[in-house]
Amino acid sequence: MPPALETIINECYTPFMNVYNACWDMGEYLKDAAAEAQSGDLWGTGFYLDLAGNCAKDMSDDLHAWRPAAHFYLLDALEWINANWPSGAYL
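Numbering of the sequence shown is given in the numbering used here, commencing with residue 9 and proceeding in unit increments.
It is worth saying that the hints were derived from the structure and are not from the lab. Hints may contain errors.
Here are the simulated lysine to any residue pairs, SDA-like style, with alpha carbons at most 20 Å apart [as the list claims (entries may be wrong)]:
#1 Lys65 - Trp32
#2 Lys65 - Glu14
#3 Lys65 - Ile16
#4 Lys39 - Ala64
#5 Lys65 - Asn29
#6 Lys39 - Gly52
#7 Lys65 - Thr53
#8 Lys39 - Leu50
#9 Lys65 - Pro23
#10 Lys65 - Gly54
#11 Lys65 - Met25
#12 Lys39 - Asp58
#13 Lys65 - Leu83
#14 Lys65 - Glu19
#15 Lys39 - Asp66
Simulated restraints on C-beta separations [unchecked claim]:
#16 Asn18 - Ser47: 27 to 35 Å
#17 Glu14 - Ala42: 36 to 44 Å
#18 Ala91 - Ala42: 46 to 54 Å
#19 Leu50 - Met25: 14 to 22 Å
#20 Leu83 - Trp32: 36 to 44 Å
#21 Leu71 - Ala91: 25 to 33 Å
#22 Leu83 - Ala43: 43 to 51 Å
#23 Leu83 - Lys39: 37 to 45 Å
The beta carbon of each residue, even a glycine, is placed where N, CA and C say it ideally should be.
Just need the whole structure built from these sequences, with the hints factored in.
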């Protein structure tokens with residue numbers, strides 16, 4: 009097992025899943041906002057657009073944290089696999 013596996017999960021996978029979930033939620037909120045707009049409910053439209061905007065901010069924050077960590081820790085894991093896998097030569 010790569011020595012940095014726990015770090016990879018914490019620094020790469022978790023923020024990535026946060027981005028994925030925020031993107032999914034944002035899509036749902038935008039659909040709700042469209043339905044509210046079609047019904048003429050401006051308050052409901054604004055409410056769901058605000059929630060979608062919060063999701064976009066969360067995605068931005070998580071992507072900012074995820075990118076450098078993913079690059080560093082995933083390369084570390086690939087180097088470990090290359091050095092320890094029986095057939096080697098994966099990098």
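Query raised in the report: Quick check: which numbered hints come out false for this structure?
Result: Hints 2, 3, 13, 16, 19 and 20 are the ones this structure does not satisfy, whereas the remaining hints hold.
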